[in-house]
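4 protein chains.
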Amino acid sequence: MTDATWHGGAAAVATLTFDVDAETPILAAGRRYADHLMTMSHQAYGPDVGVPRILELLDELGVPATFFVPGWVAEQRPGLAATIVERGHEVAHHSYSHRAPTSLTAAEQRADFERALEVFDAQGIEITGHRAALWEATTTTLELIAEYGLTYDSSLMGDDRPYVLGIGDRPVVELPVHWSLDDWEQYAFLPEPHVGSAIESPRKVLELWQAELDAMRHYRCLFNLCLHPFLSGRPSRLMAVRELLETAQSDGDVHFTRCRDLAAAAHADPTLAPRNPPAVTADPTIYPV
Amino acid sequence: MTDATWHGGAAAVATLTFDVDAETPILAAGRRYADHLMTMSHQAYGPDVGVPRILELLDELGVPATFFVPGWVAEQRPGLAATIVERGHEVAHHSYSHRAPTSLTAAEQRADFERALEVFDAQGIEITGHRAALWEATTTTLELIAEYGLTYDSSLMGDDRPYVLGIGDRPVVELPVHWSLDDWEQYAFLPEPHVGSAIESPRKVLELWQAELDAMRHYRCLFNLCLHPFLSGRPSRLMAVRELLETAQSDGDVHFTRCRDLAAAAHADPTLAPRNPPAVTADPTIYPV
Amino acid sequence: MTDATWHGGAAAVATLTFDVDAETPILAAGRRYADHLMTMSHQAYGPDVGVPRILELLDELGVPATFFVPGWVAEQRPGLAATIVERGHEVAHHSYSHRAPTSLTAAEQRADFERALEVFDAQGIEITGHRAALWEATTTTLELIAEYGLTYDSSLMGDDRPYVLGIGDRPVVELPVHWSLDDWEQYAFLPEPHVGSAIESPRKVLELWQAELDAMRHYRCLFNLCLHPFLSGRPSRLMAVRELLETAQSDGDVHFTRCRDLAAAAHADPTLAPRNPPAVTADPTIYPV
Amino acid sequence: MTDATWHGGAAAVATLTFDVDAETPILAAGRRYADHLMTMSHQAYGPDVGVPRILELLDELGVPATFFVPGWVAEQRPGLAATIVERGHEVAHHSYSHRAPTSLTAAEQRADFERALEVFDAQGIEITGHRAALWEATTTTLELIAEYGLTYDSSLMGDDRPYVLGIGDRPVVELPVHWSLDDWEQYAFLPEPHVGSAIESPRKVLELWQAELDAMRHYRCLFNLCLHPFLSGRPSRLMAVRELLETAQSDGDVHFTRCRDLAAAAHADPTLAPRNPPAVTADPTIYPV
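Protein chains in written order, with the working numbering: chain A, 1 to 289; chain B, 1 to 289; chain C, 1 to 289; chain D, 1 to 289.
Hints should not be assumed to be uniformly reliable.
Capping the alpha-carbon separation at 20 Å, the derived lysine to any residue pairs in SDA-like fashion look like this [what the hints assert, rightly or not]: (1) A/K204 <-> D/M239; (2) A/K204 <-> D/S197; (3) B/K204 <-> D/R203; (4) C/K204 <-> B/E185; (5) A/K204 <-> C/S197; (6) C/K204 <-> D/S197; (7) C/K204 <-> C/D214; (8) D/K204 <-> B/E147; (9) D/K204 <-> C/S197; (10) A/K204 <-> B/A211.
Source of the hints: derived by calculation from the structure; they are not laboratory data. It should be emphasised that the depicted structure is a prediction, and the values quoted were computed from it without experimental measurement.
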């Protein structure tokens, strides 16, 4: 650790990420929900109301961010990805349809992965990183990332610092996520499809994330926060994000960066040895189910 | 936004709404629950104990409110709607039976919608607005609202300010709701039918709503609070509502109004352009489930 | 309300009740759990460790309480009910087997109800009140209570003050309960059978109950607290109960009483008119499910 | 109680225990999850990142602990158990595969139990105690513990002080656990397999455990804390554990010990009479399900 350079001397590195899922996670749970107007409007709030408000906040605070956008969403809202990039942020790959890779065949995963790349290519958006839908990456997911020359993935949980995945010939940096740094588990609620069962106070969520950031400054980790515009774009939740960011800025030792820039720093860090993703063999005589 | 007039100059507009569901959501989940005395009494507490206590509080504070009442409930308790109107509040359409429109055919939706109108017509209650049962509106729901000349709906989540739905020839104002401004997710608990899994402290709920109201004053939004008399009519929960209202009154820049009055102000606001509800087409080759 | 006498002039009346369920709710969920040692020991903790500790606390504070004991539990632990009565508390009827009456035929309900009475009769324990297992009373439950001359039930939620049930010829007083004044929803957790999904801090629970007691002093209600020795008998939870009781005692206007004594006061109150339990008729053409 | 010696005069005895489950609980829920990389990495974080960080903290504070390690985990990570023992801590039996004994035949339980013993024997790790996977011990589990001469089990909940199980000829001490002193219910979250539905703030968890420790000092109990490195090894959660330990150390009357040492003290305590585990007979005429 003592020679590591990925953090550039900061106590903690913070990547502020927004998963602009819009309607996709709901449609992936059931095509019929397209006719459920409340549910669709609940999701549309994300790109339509949340994203503009978030961009305004980021401008005001001067914080760069990364927006993971499913190809379907970029296609349905043609100006969305370009606007984000024009404001100085990164747009990254978040599948085409937001179906979990673990629920698809390898061929379906490839088709979905490539279709998203085509959408962004057609829109002139340069993509260098990936986050799996529902974070449910498979070995195929990682192979596609390496094959297409992306520099990082952000879907796994094997550490709380960047690490290098040894997939095929090219190194891919993993920028690990965690359930506790995601707004979904704190705020998401829908009865059908069933999503979440509690709605927490932004005060509690701020306390949770603030404590983790403070501890990560102690342990020198990556604070990789995952927010959803349809959730954290709501007024009081965004005010909590503002307070979190302002506190981190006043701490003075937290470095905010886009995922692609952190990935570049991690690739350049000779202390990050390749670590294969866990290859678990489950013996059916031991685990028969 | 700068020319908008719907808010009348207030920092935030607050509509205090009560869904007087009584037994209907439970009967919609299963007719057999009519014989479960505890469950029925749990629901009956709403109109029988909660509503009188709520009306007393509103009188004391001078706050106008809107009561969404299923037709079945108005029919079973003949004096209920009239009493609410006599106290200066609004009674609005909340379906007849509280079955989710998304679970009904178009013909069933029409029959349920019209039957509620007949009940209120027979009781001399003038209806100008609607909220879908479980907020589960369909396109048919919105068409019925326009067909019958109601001025507003309050079931969708596409924004946190009023907006105009472009349905057929007549404009209908949407007064959007949200899960985080509903007491159901915070307080409701029944093992059978399974409703809720946690019972929050009124202190937490007050913190949640107070934070949203404060942030909505910052962003100039509609604070559309949805309460259920069988839940928020309980002593300590009503004390929390009282504290919320008193704080808002002392803020001096929050305007309390009935939904119908806000809908009229929104209809008169030339800056509110019609916005169609999200018309999502989900391609079965992408979303096969 | 002004002439009511049931409260004896106190701002709020508090009935501290303990449901000594032991293994019964688990066995009712599945006989096979008898072989799950952890689960059985989790339930046995109630009568074996919780009850002695609770009795000690009640002695120390001089607070009378009511213990609802299933007949099966009294039978399995022969000295339990007698010890409770000797310490000055009330033992009341809580079914024989703790199966929900709503899941039994009328004949099964009668057999279960009478078998519990036989157990207490054989042990010389005088029974004057009843609480349904899982609070799931049916009309048959109330008829049995009236038939056997018990003076009260404590299973329904139609009010937050005592009321009189008009069942048959004899009046029966209802001492209403509520989910928010039950420790089960706050503390209970078992993966199999699935019971609960969160374990709250006693600090939060104390806040919840303290707020309700304070508001009930404002509205002059019955604070009918339902505790389970296997849950609230744990050290920090019992300390929270102690704090609640000590605060109530220092308030000076809360009257603690056994259910049977409150029922007697309610029977003697001429202002409590008979109110039938909700007789809900659910039309199958409206509620087809 | 007055003559008891197991506590050595301390107000409370604290056993800090870590269940190093790694991938096993997930594989036991479904072998297919071996291909879910995020889930596997989420579990691998425990031994790979959590355990080293925990060992460092324990060194710093001088607190001894007990690590319950499934045989499969010890086998997959050959140096893990030895490292723990070298740092002065105890490694104890936590099944081979982490399948619940209640879901296995007696023969399967024996095979799983013995296979774990063989792994530890081959690694030169001396085992003296046991904790059942998921705490789901059966009578067979206890008989195996006695047969193989282990001195204690730590899976049941019949008390909050050590007690002696009367199994066969040899006494086995039970060091009881409880759901409220486990980090799983507070922190664990996975959508598939479904694990947990809320992620609590370490501040709330610290409050919960601190209150229990304080009350256990009042009642002189065993504070048997169960932590999982994949959960409590996360930065802010480990900081909360640190704060809990430091407070306990500054209290001056809490004795930290390894389970095996406490078991020895309990065996030497003549006041701990054998208590059979609850032998519950559930009559099928009463409990037909």
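Cross-check of the supplied hints:
The suggested pairing of A/K204 with D/M239 holds, with an alpha-carbon distance near 17 Å, which does not exceed 20 Å. For the given pair, A/K204 sits about 16 Å from D/S197 by alpha-carbon distance, which is consistent with the 20 Å threshold. The straight-line distance between the Cα atoms of B/K204 and D/R203 is roughly 15 Å, inside the 20 Å bound, and the hint therefore holds. About 17 Å separates the Cα atoms of C/K204 and B/E185, which keeps this hinted pair within 20 Å; it holds.
For the hint linking A/K204 to C/S197, the alpha-carbon distance of about 19 Å falls within 20 Å, and the restraint holds. Taking the CA atoms of C/K204 and D/S197, the gap is about 19 Å. The hint holds against a cut of 20 Å. Distance restraint check for C/K204 and C/D214: the Cα-Cα separation of roughly 15 Å lies within the 20 Å cut-off, and the hinted pair is therefore satisfied. With a C-alpha separation of about 52 Å, the suggested pairing of D/K204 with B/E147 is violated against the 20 Å cut-off.
Only pairs whose Cα atoms come within 20 Å are accepted, and D/K204 paired with C/S197 is accepted, the gap being roughly 16 Å. For the given pair, A/K204 sits about 12 Å from B/A211 by alpha-carbon distance, which is consistent with the 20 Å threshold.
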